[in-house]
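Build the full structure now, drawing on both the sequences and the hints.
The residues making up each chain are set out below.
2 protein chains.
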Amino acid sequence: MKDSTIGSWLAELGDRTPTPGGGGAAALLAATGASLVGMVSSYTTGGKWADREADMLAVKAESDLLREQALALAAADAEAFAAVGAAYGLPRATDEDKAARRTAIQAALRGAAQPPAEVGRVATRIVELADGLVERGNPNVVSDVAVAASSAAAALESAIVNIEINVASIKDAEVADGLRATVTELTGAIERARGIVERVREGLRG
Amino acid sequence: MKDSTIGSWLAELGDRTPTPGGGGAAALLAATGASLVGMVSSYTTGGKWADREADMLAVKAESDLLREQALALAAADAEAFAAVGAAYGLPRATDEDKAARRTAIQAALRGAAQPPAEVGRVATRIVELADGLVERGNPNVVSDVAVAASSAAAALESAIVNIEINVASIKDAEVADGLRATVTELTGAIERARGIVERVREGLRG
Chain A
170 MKDSTIGSWL
180 AELGDRTPTP
190 GGGGAAALLA
200 ATGASLVGMV
210 SSYTTGGKWA
220 DREADMLAVK
230 AESDLLREQA
240 LALAAADAEA
250 FAAVGAAYGL
260 PRATDEDKAA
270 RRTAIQAALR
280 GAAQPPAEVG
290 RVATRIVELA
300 DGLVERGNPN
310 VVSDVAVAAS
320 SAAAALESAI
330 VNIEINVASI
340 KDAEVADGLR
350 ATVTELTGAI
360 ERARGIVERV
370 REGLRG
Chain B
170 MKDSTIGSWL
180 AELGDRTPTP
190 GGGGAAALLA
200 ATGASLVGMV
210 SSYTTGGKWA
220 DREADMLAVK
230 AESDLLREQA
240 LALAAADAEA
250 FAAVGAAYGL
260 PRATDEDKAA
270 RRTAIQAALR
280 GAAQPPAEVG
290 RVATRIVELA
300 DGLVERGNPN
310 VVSDVAVAAS
320 SAAAALESAI
330 VNIEINVASI
340 KDAEVADGLR
350 ATVTELTGAI
360 ERARGIVERV
370 REGLRG
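Chains A and B are the protein sequences, given in the same order. Sequential numbering of the first sequence, starting at 170, is according to our numbering. Sequential numbering of the second sequence, starting at 170, is according to our numbering.
Treat the hints loosely; a few may be bogus.
The list makes no distinction among identical chains, and a pair is therefore deemed to hold if it is satisfied within one copy or across any two copies.
[Said to hold, decoys possible] Below, simulated DSBU-like cross-link-like pairs (lysine-lysine); rule was C-alpha separation at most 35 Å, straight line: (1) K171 / K267; (2) K340 / K267; (3) K340 / K217.
Since the hints were made in silico from the structure, they are not lab data. A quick note: this is a predicted structure, and the numbers were derived from the prediction, not measured.
Right under this line is the structure:
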């Protein structure tokens, strides 16, 4: 994903191919939010920002890492998604086949819920970093804090539906409950992201 | 933008450079939403979808166009943003200079509000197309309809803050009111996008 051009990756996303799909898009949304957090922190160094420069350099370094993690999760998502397809494609001639296939499908579905859960965790951290930039970041780029929060919120919402479409087929109640708890956590981060956008907009209205 | 790799574009977005910035990110969010609408329509052709194939091919063609428009708007945004910087850089030695500079800044700010307004219009259309796919699209990819709507909502929210940061400096009341009216329209499209995500999630919960 990282080495694809934006034009060709988005064209592939729009085609009838299993990947890239919504999982890759969620990762891209998170990576975009991470970059914007990095940009705002980069504009809050030197001169009158000397008092917070150390913090801002730390935010920049962390945002670079979060961006890389998000992009790596796109690949993990594609692999996990392929494993689900492979499991559904297993033979079902005998009862033994069928039982093995069911087990394989369940394992693959559990695996496929992990990358979106991770994208959600990355996006949650981006929201936390953006939150600290609304008041402390360079006000010339405060609109970019809101764009970061909006991108992260979209990544979170995407992660949630990507988890929920798997949960619908997962039979292990404990695993399903664990994933539902993750969804609840991610929902809290969406609310926080929306609060950031509101605060930025109030500031712009003066 | 289209020919940059995803990795290098996002790294530049995160750097202390005027562009790409929040305007380019908004365009990328809209383009991502357009691609996902295209993907869902591509999965709703042939076989049991024969009854709606013509509609879906039209959605696919329009989504391809919207994606290209969004990507082109990233370039328009960067140009308009550069023009604002150039206007602020004009000489202000004499009163005449100052007056000319003020006029140039105001013209550049009005120009800079146009690409985000256009990104907002593209994203609004993506939301309309996604809305039609919640019930009519292939249910195997219904989560991607929600990801499309989330991406478009983030593009809309980003367009809004990008407009509002300009409106704060625009002195022509009529122009400012026109832009505020655009913001109100785009806000309506965000609500619609959130409704799409809710409907998809209700469907997944069964």
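A quick look at each hint next to the structure:
no., hint, result
1, K171 / K267, "neither (39 Å within a copy, 46 Å between copies)"
2, K340 / K267, "within (16 Å within a copy, 71 Å between copies)"
3, K340 / K217, "between (57 Å within a copy, 28 Å between copies)"
In this structure, the one hint that does not hold is number 1.
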